[in-house]
Each structure stands twice: as C-alpha cells, then as structure tokens.
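Student: If you're matching them up, the sequences are chains A and B in order.
For the first sequence, my numbering gives the first residue as 1, with consecutive numbering after it.
For the second sequence, my numbering gives the first residue as 1, with consecutive numbering after it.
These are computed hints drawn from the structure, not numbers from a lab.
Values in this document were obtained by computation on a predicted structure and should not be read as measured data.
We put the beta carbon where it would ideally sit given N, CA and C, even for glycine.
Heads up, some of the hints might be wrong.
Negatives, chain A to chain B, calculated, CB over 12 Å [what the hints assert, rightly or not]:
1) 45
2) 154
3) 239
4) 345
Here are the simulated SDA-like pairs of lysine to any residue, each with C-alpha atoms no more than 20 Å apart in a straight line [as the list claims (entries may be wrong)]:
5) B/145 with A/155
6) B/145 with A/158
7) B/206 with B/35
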Amino acid sequence: MIRHIARKEFTDVLRDGRFRWSSILVGALLLVSLAHGWDQTRKARQEHAAAQATAREHWDTQGEKNPHSAAHYGIYAFKPRLALSFVDEGVDPYTGTSVWLEAHRQNDFLLRPAQDATAAQRIGALTAAQVLQHLLPLLIILLTFGAFAGERERGTLRQLLATGIGRRELAAGKALGIAGALSLLLAPAALVGAAALVVANPGPAASPLARAAVLAGVYLAYFTAFLALSLAVSAWARSARTALVVLLTVWVVNGLVAPRVAVDLSKRLHPTPSALEFARTVEQEMATGVEGIPRPDRDESTRRLLAEYGVESVEDLPINAVGVYLQESEEFGNRIFDRNYGALWDAFERQGVVHETLAVAAPLLAVRTLSMGLAGTDVEQHRHFASAAETYRRDLMRRMNGDMTENSLTGDFTYTVGAEVWEAVPPLQYAAPTLGWVLGNRGLSLAVLGTWLAGAILAAAVRVRRAEVG
Amino acid sequence: MTESPTGPTPLLEARGLSKDYGDTRAVDSLDLTIAPGEVYCLLGPNGAGKTTTINLFLGFVAPSAGQALVDGLNVSTHDRETKRRLAYIPEQVMLYRNLSGLENLEYFAALGGQGALDRNRLTEILVEAGLERETVGRRVSAYSKGMRQKVGIAIAMAKEADALLLDEPTSGLDPKASNEFSALVERLRGRGVAVLMATHDLFRAKDTGTRVGIMRYGRLVTELSTAEIGHADLERIYLEHMQANGGSP
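Isolated chain B, as found in the complex (with noise of 0.2 Å):
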C-alpha cells in the first residue's frame, strides 16, 4: 500500500469508469474510493453495473473511458501488479471438484503468489474461514455451496490481499452461513482490507459495509455511510431510487 502526502491512496479507485457494450453502458462515469479498512457495498438491481465494475477491477473487461485503479496503479496497464494486491470471491466460488479444500487452497494459494505455504498453516486458515477441521481433507465434490463459499475466503485470507472483491457472496448462503460470512468480513476490514462488495442483500450490506452506493443503469446515483443510517432508511432510499423513473427494484 502506498501513502500520498494527504494520506493513504484509495485501494480501489474509479475515474471516470465506464464500459460499454454495444450501444449500452454498463457503467457509466463511475467515480468511487475505497480506502483500507472500508466496506463499500455497491446494491443495485440486476443489470445495473455492479458485476461489470467488479470485471473492470479485476482487468477481465476493459474500459471504455476512465479507468480503474488498485493501490493507484491502472488495472489496464499493470494487470499482473493489481491482481496481486486483490483477491476475488464470485457468488459461486467454483473449485476443483476432485480435490480437497485443502488442495485447492493451496493451488490458489501458490498461484496468488504465496509461495509454499505449509500445510498446517493453510489447515489453519481454512478453519479460520469456517471450515469444520476434518473436512478440509475431503473432496471438494461433497461440499455444500456455503462450504465452498468459505474455501474461497479462505483463498482471499491466505494470499493476504489488500483488497477483496466480493460478488453477491451470501447469495443463497443460509442465515447462518451469511453471519459467519459477515464476520470473516469483519475480520478482513480490521486487517485493513478494502472491501468492495456487490450485493443485493441490503440488510447484509447495511450490516456488513461502512459505505453503501447504489447503481442503476450503470450510474451511481447516491452513496450513504451506513454508520447514518438505519436498515429502514437504507430500504427506503434504494427503493426511492429504483422506483424514479418508473425503474422496479
């Protein structure tokens, strides 16, 4: 991470993003920091961005203007440089069905550029993740969707990124599974990760983030603090937006 003279760079910034395809915008004009140790929650409905501004950070999509930057470096010129700085959970963490958790960690694991890491240690922290100890060794095949879901924090915990990327990762987590996800959230932003977190959850989201922006048809159109508001409020707002315009949520 590096520091400005006016405090530390924005892990994750967007200037001016905006993607499109064909003749539609998919992002349009996003401007958006996120400094380390924040939760930004990006809600909107199907098709308003979020996934797409999460693909530009990642350097799997390229911009159409503006550009996206980790730790102040462009995605589209260093894609190997910020990808190391980041780590990515889809909504469906998808592994290698005929391996164990732990032979996937640790693929993941060398991949992200962690070296060696022992095998205790990488036990460790899929336990941390959640994991029940002696599952770890068990095929990834008989795993349900949250025990995956917690294979792939356990991929972000182990490369010890800066930032996470997290798209709509509670999504069809029972209550339970999304709590435990919540906390390891909470676990990651007080290492001082920054978090960006594509969601439709807005309980989650008001829960879990320290800040909220909400997409519709590739713009942001408000950002909250969540620490101003209550789950109410927040319900309120998002459905006043998508409502606007005849929109539906």
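Next comes chain A alone, as it looks inside the complex (with noise of 0.2 Å):
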C-alpha cells in the first residue's frame, strides 16, 4: 500500500512544474557551489603546497647566521584543506591559513579570504553546505506543506482515507514519495562529491570517506526531520496557506534568526576580546609578566648558571649563558601565550556550547556545527592545527637556542651555522584529528540532531493520526 502512495506521489511531484523548476535551480546551485569549493580547495592545496616548498626553501637557504637570529627569520605553517572542506568552508575564511612561526610570539593566522573579499562576493558566496543547510529544508517544506492540507482543501483526503488506507500509511508514502523525488535531485550532487572525494587527492583528513559517510548521515537526518515536520504541519494545520505560513516562519527562524541569536547570546554570556585588546593584552604581559609568571632577569638567570655549575665567569661556562636566557624567555613567552590564547580558545568553545544547545530550538546549529567538524573547518579543528603549529614553533625555538647554548661558547652573536642546521630541522608533520575525535566533540550536537529527528517523526505521527478529513 505504502509502495503504490509513494509511487502516486514520486510521479506526481516529478510532474509538477514548480518541482522540476526549483529543483533545476536547487540542484544547479548545490552542483555548482560544490564544483566552486571544489575548485578552490584544489587551488588553496597547490598554492599552499607551492607556498610551504617556497618557505621551506628560504629557511634551508637562509645563509649562514646565528641560530637564534634564524628563529627570528621564521617559517611560515599552512593549514591543510582536507578533503571534505570543499563541501563547506566553515570558519576557514574568518580563522586564516597560515601562521608565521617566529621567536618571542605566537602570531595570529594569516590569508582569511573574508578580510580581502568584496562585498559583492560575501552575498554570493554560497557553498555547498548553505545549499544543503538553507535551501534543501525550504524546497522540502515547498513540496510537503500540502501533503494532508492541500488534500483536504481539494477534497481527495476524504476519497483516499475512504479507500480504507491508513493515515500513517499515507504518511509514510507521502514520505516516501517526496524523499524520492528529493534523491533525484541529491544524487547527482552526491556523485559528483563522492567523486570529487576519491579521485582527487583526499588530502591528509583522518578517514576522508568515513567523515563524508557520516556528513551524509548528518545531513540525511535533517532533511528527515525536516519532511516529517513539515508532515505534522500539514496534518495540523486547517488550511495549506495556514501550514505554509507556519513553515516557512521555521524555515526563517531555524536559518535566520537563530543563528543571529547564538551569535549574539554566545557572545554576551562568554565575551571575547577584539584583536586590538587581545593584542594589547600579550604585549603588556610580556613586558611586564603577570602574577605568577614573572619575567625572567638576565642577570638573575647568569647567576642561576654560575652557580650551578660553580665557576666565577660565564666564559667559564661550558654553556652559552644568552642562549639559556634566550631560551628562558621564550618559555616565559609559551606561558603567556598559553594563558591568553587558552582563555580565548576556551572563551570560543563555551561559545560554540551555546550554538549546539540552542540547536535545541534551530535544528540548523546542530547541523552546521558537525557538518564544519565533519569537514575539518571548525574551530576545534583550527585550534588542533594552531596548537600543532605552535608545538612546532616552540619547538624550532628550542633548537635554535640549544644549539646556540651547546655551540657557542662566545656569549655573543658573532657564532653562525649554515645550511646543515637548518636542513636537519623536520618539517611540519600534521595530522589531523580522527573521525572519533570529531564525533567526541560533537556529541551535544549529535544528540540534539538525533532527539529533532525522533520529535519530529513522533509529533508526525501524532498530528497525522489526528488530521481531519475535512
């Protein structure tokens, strides 16, 4: 009974010529904003690699020098695209890619596209994930919102329930039917990004095709929500206008206004500092220090070593003295960044709470979140890369400094190596988080997702069993 439902409806919805138009323009949309971010992840991967030889080459190529004037000169690190971030960008426009690793700071990520686009390519940027997240609910409440209230206006609710068939069979064919005409408009795209996915490099994401198996699990499950939801409407509401206005008001609050309101609500209970007070901020401390991380004493630190290793002179040191000093700043430095950069990076994960519990109203913010986690662009995934680059620096740092304490004896900064030192540094080595560790994080969400599915399937096949014939 429910196949013959879901066959009615597929054939009729395919039949409608406000489907095939909206779904043309839907699906060229989704088909071209993956296409685009496919694209431009290519090209962020091959300038990023082109960029990174470049730096490495200048590092390796720097010229004889003192090893800590080489950690002044620095090295650039680029975040990695990984594989499904051509599906959506997430914060990767606003957080930047790159970070100039160098002594004595913590430098802010640089090259964020949203700071040297135009107007103009603000509004029309559209991904692949604002299609999914924005226009797939709105196409499905277009094609629902009659399915028991336009029914009863036209009068065949009566003929078909008359017939003998169940409301929920009639749902659930509905369902079926709807879902089936949507997968005609899916399927291409999900080719296409399964596609793009396995021939092109998948990059260096931890499990590329189990993430965008769960992306589309993720995404499968909004969109039933949203079908189900929008057949407890239907059923509810006394009129098709009536359950169309209700709708498109969830379409609108789920998509405009809750977001603007977690932005917002985020902000004001776990307020964040702009650039210039951050800035300001570490700069202060470290000429200063704070309380409990005071600023180490050259002479102090010149004292410590005398008589620690009990001679009267730092010529008599066999350690070079600057170079411990050196080395002491620079994790006096570590500590003040930790500090400020902690409290900034936790300021934004109890901000990110907010959104994914105000999912409990939206279920967009849920949505949004795993799907910029499932593609390696939230802000989690862009603090496990900074702090990966920031092990990297102090790393660097420590070498420099090593070999300046264990090679030159002089105490000044007439000692210099060349190329060999320079080489033997590692490169960068990142791996991003596994598939568990994003879900791990994810968890609210998950379950935010997971409860508006059920409300919605649950309240559907409350309202369904409830509709009047008319």
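If you follow the hints, you should be able to join the two separate chains into one complex; please do so.
Tutor: The structure is reproduced here in structure tokens:
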C-alpha cells in the first residue's frame, strides 16, 4: 500500500512544474557550489604546497647566521585543506590558513579570504553546505506543506481515506515519494561529491570517506526531520496556506533568526576581546609579566648558571648563558601565550556550546556544527592545527636556542651556523584529528539532532493520526 | 456479505445513530437498513444530516450515540474492514490533476485493495463508466466535472465494493451526464450493490432509488418505496414535510 502511495506521490511531484524548476535551480546551485568549492580547495592546496615549499627553501637557504637570528627569521606553516572542506568551508575564511612561526611570538593566522572578499563576493559566496542547510529544507517545505492540508482542501483526502488506507500509511507513502523525488536532485550532487573525494587527492584528513559517510548521515537526518515536521504541520493545519505560513516561519527562525541569536547570545555569555585588545594584553604581559609568571631576569639567570656550574664568570661556563636566557624568555612567552590563547580558545569553545545548545530551538545549528566538524573546518580543528603549529614553533625555537647554548661558548651573536643546521629541522608533520575525535567533540550536536529527528517523527505520527478529514 | 437465519444481513445499517456538534444535533436517532441490490435515497434540505450520515458510515466522524454498521460490522471498531466493503463518491470527485484518468483509477484501485489490475482492464472499466476511450490517458486537469464523476464511478466499480455511498453525485452535472450516472448506479444495483445516495434531486431519487427517506433537522421523518409513488406524490410529500413547523425546502 505504502509503495503505491509513494509511487503516485513521486510521479505527481515530478510532473509538477514548480518542483521541476525549483529542483533544477537548487540542483544547479548545489553542483556549482560543489564544483566551486572543489576548485577553490584544489587551488588552495596547490598554492599552499607551493608556498610551503618556497618557505622551506627560504629557511634552508637563509645562509650563515646565528641560530637565534634564524629563529627570528622564522618559517610559515600552512593549515592543510581537508578532503571535505570543499563541501563546507566553515570558519576557514575568517580564521586564516597560514601562520608565521618566529621567536618570542605566537602570531595570528594570516590569509583570511573573508578579509579580501568584496561585498559582492560575500553575498554571492554560496557553499554546498549552505545550499543543503538552507535551500533543501525550503524545497522540502514547498513539496510537503500540502501533503495533508492540500489534500483536505481539494477533497482528495476524503476519497483516499475512504479506500481504507490508514493515515500513517498515507504519511509514510507521501514521505517516501517526496524523498524519492528529492533523491533525484541529491543523487547527482552526491555522486559528484563522492567522485571529487575519491578521484582527487583526499588530503590529510583522517578517514575522509568515513567522514563523508557520517556527513551524509547527518544531512539525511536533517532532511528527514524537516520532512516529518512538514508532514506534522500539514496534518495539523486547517488550510494549506496556514501550513505554508507556519513552515516558512520555522524555516526563517531556523535559518536566519536562530544563527543570529546564537552569535549574539554566545558573545554576551562568553565575551571575547577584540583583536586589538587581545594584542595589547599579550604585549603588556610580555613586557611586565603577570602574577605567577614573572618575566625572566638576565642577571638572575646568569647568576643561577654560575652557581650551578660553580664558576666565576660566563667565559668559564661550558654553555652559552645568552642561549639559556633566550630559551627562558621563550618559555616565559609561551606561558603568557598559553594563558591568553588558552582563555581565548576556551571562550570560543564555550560559545560553541551555546550554539550547540540553542540547536534545541533550531536544528540548523546542530547540523552546521557537525558539518563544519566533519569537513574539518570548525574552530576546534583550527585550534588543533594552531596547537600543532605552536608546538612545532616551540620545538624550532628550542632547537635554535639549544644550538646556540651548546655550541656558542662565546656568549655573543657572532656565532653562526649554516644549511646543515637548517636542513636538520624536520618539516611540520601535521596529523588531522580522527573521526572519533571529531564526533567526541560534537556529542551534544549529535544528541540534539537525534532528538529533533525523533521528535519530528513522533509529532508527525501523532498529528497524522489526528488529522481531520475536512 | 454475510447471511443471517432470517435473510441477508443489511449491508448498511444505522441503529439509533446520532451525531452532535456542540449543542447542535446533526443526526438524531437514525434507524435505517439497506439491503444488497437496494438504492436508498436520502432527501432533505441543506443541514438535514445527509452528509453527516454518510460521514458516520465512512468513520470520518464518531457517533455520539448508536452505531453505523457495514455488513454487520461496527464502523467505529472495524474501520479498515468496513471501508474495504465501501465505495464513496462525493459531490465533486476530486482527482490528481497531474495524473491521467487511468493513473488516478490505477492509484485508487490499488489503495482500495484490488491489487495490481492490468491497465487494459482498468481502461475497460473507465469506458464502462462512460469515459471516452481516447480520454483515459489524458491528464485530469483537462477533464470536465462530468468526466471526473465518471472516474469516481469507475473507482467504485474497480473496487467491487458491496456498498456505495453517494453524496450529491449528480449535483452540477448536465442532464445527459446525470442520466448516464443513474444508469451506472442502476447497473451496480443489478450486481447486488447496496447504495445510499444523499441528494436534493427528487426526480433522480424517484427514478434511481428503490426507497426514499426524507430527513429534516437530523431526523428521518418518513420513508417511502419509490415503486408505490409517482414523481408528483414524492414532491408533494417532500414539500409537506419541509413546510411543517415553518421550515423551508
């Protein structure tokens, strides 16, 4: 029985000119945004690879110099674009993709596409994730709002129910028929996405195919929740117009109002400093130290070394006192950075929890968080890379200062080394987080999305059972 | 259809059937039986309770008191089984505009539990119901009301239901289409189908029905055998009942 209803609904939807045109439009947008995202990712990877090679070459060929000068010379690190970032670019346009690693400073990321984008680009930039998160639910609403209310208004619901079919069978058949029609729209996009993932270099993401499968499951749950919710409203509403108005209100709240409220509320609950305030604070603390993190004193450091080695002068030390002091300064800076960046990252994560919690009112917030997480473009994975880059920077500084400490006994900066030292520095080997790590961070969003799905199906079951014949 | 020791069980039966909407009693203690091969026409003005009676037999509304029975089964407790025995044609048969007449019939027949009837057989049913053969494949958006009513009849025929509920089925049809419709009902009656038809059309009720019941304010005020009265008698009796206590037809 359900099969007959689904087949009829499928045929009916396909013959509906409104569906044909809207699905052509949405399908085209989806394919274009996927292709554009893939092309952007490919170009970014090429550019990053070239820039990374150039940066490394500059490092290796910087010539003879003091290791601490080399530490100031620094090197760039580039955040890798993960395999699924072509679907959802997440926060990458705002957080930047490269960072300069140098002595004494934990720099902010550079290359933020959003900074360079023109107003027109900002408006026109539509990712596949945005099409899936915003336009697909709208299409589902337009296909489903009349499922019961429209049949009731036309009088066909009486005739249908008079045949002896149950309301739930009718709802299930309609849901399957509409889902079948939507799958015609989504299948080409899924194939293109899968091909892009398999054919192209999958990048450094751990288990990209598993991530893609979970991402597909997340969107499937989101669409099913919208479909069930639309059926529930259609069964409840007295007229198709009422159902449409209610569902469009839900769509606006979900897609436009809730994200804005989440941003404002999360900033109010967990405020973060402006970039200028943050830089000033770090600069001030670096200059003066803070309680519990005193600024190292060069004379005190030297006195301690002399006492430790039982010698009278720095010339008698088996190591370079300046190198030791520079490393102490580095470690002081690291503690200041850990304190400030740690607080900043923690605030961002608490803001993220507010977003995830507000998903109770708008499933888009849960889907967006999961989508960015699985694409590897969320704040947490940016932090993951930033931490890896910072660890690498600290190791690099330790190597440079250590070389100076161990090998330059003169205590001055005339000590120089060459390519053999630079080339001995290993490149940054970044391992992207595993799928388990990502999902472990996103448990709240998964739970909220699951609740939405179960709630929407339950609401549909209840409302459909009570649907009036008219 | 089941048999009792005293004869065939009525296919449609109302026992003390009542329906209240708030303070308004739409159907009041209705008792009626319709046997196989009988066409029972319910006459009455708007608001008399005719459509509510049909809705009670379809289980679309729950009775406030009494029972609606189909082939001896209580509609309230045997929703699916009773609907399997019924076919329903409303005042305006509404179909799916994007599907052809044949596809609409195929769909409703499948939902009615007829399984997979082949398209040739369904086409024959549509032709038997009065649709031109060349129109069965056209989308219903191009159909007239009369053509849609014929598809409605075809749906009822394909279902091979034991009982047929008709709610003002000829309203708005031209005389030719109404006559064709009556002929189809007559044919179904000949196959032993029990028909309950709500109508305003006295002429059609006399011509098509075997019995006529006149309803007013939810009550069945009289029942007549059409074989025993003429058109003029029926009109006179109907008007007498409508004008009693200041009512209007």
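Student: So, for every hint listed, does it hold in this structure?
Tutor: Consistency of the hints with the structure:
Its beta-carbon lying about 47 Å from the closest one in chain B, residue 45 of chain A satisfies the requirement of being farther than 12 Å from that chain. Look at residue 154 of chain A: its CB is around 5 Å from the nearest CB on chain B, not clear of 12 Å, so calling it non-interface is violated. Taking the minimum C-beta to C-beta distance to chain B, about 16 Å, the non-interface status of residue 239 of chain A holds against the 12 Å cut. Separation of residue 345 of chain A from chain B is adequate, the least Cβ-Cβ distance of about 55 Å exceeding the 12 Å criterion.
Between residue 145 of chain B and residue 155 of chain A the CA atoms are separated by roughly 14 Å; this keeps the pair inside 20 Å, and the hint holds. With a CA separation close to 17 Å, the supplied pair residue 145 of chain B and residue 158 of chain A stays within the 20 Å bound. Proximity of residue 206 of chain B to residue 35 of chain B is assessed by CA-CA distance (about 18 Å); at most 20 Å being required, the pair is judged to hold.
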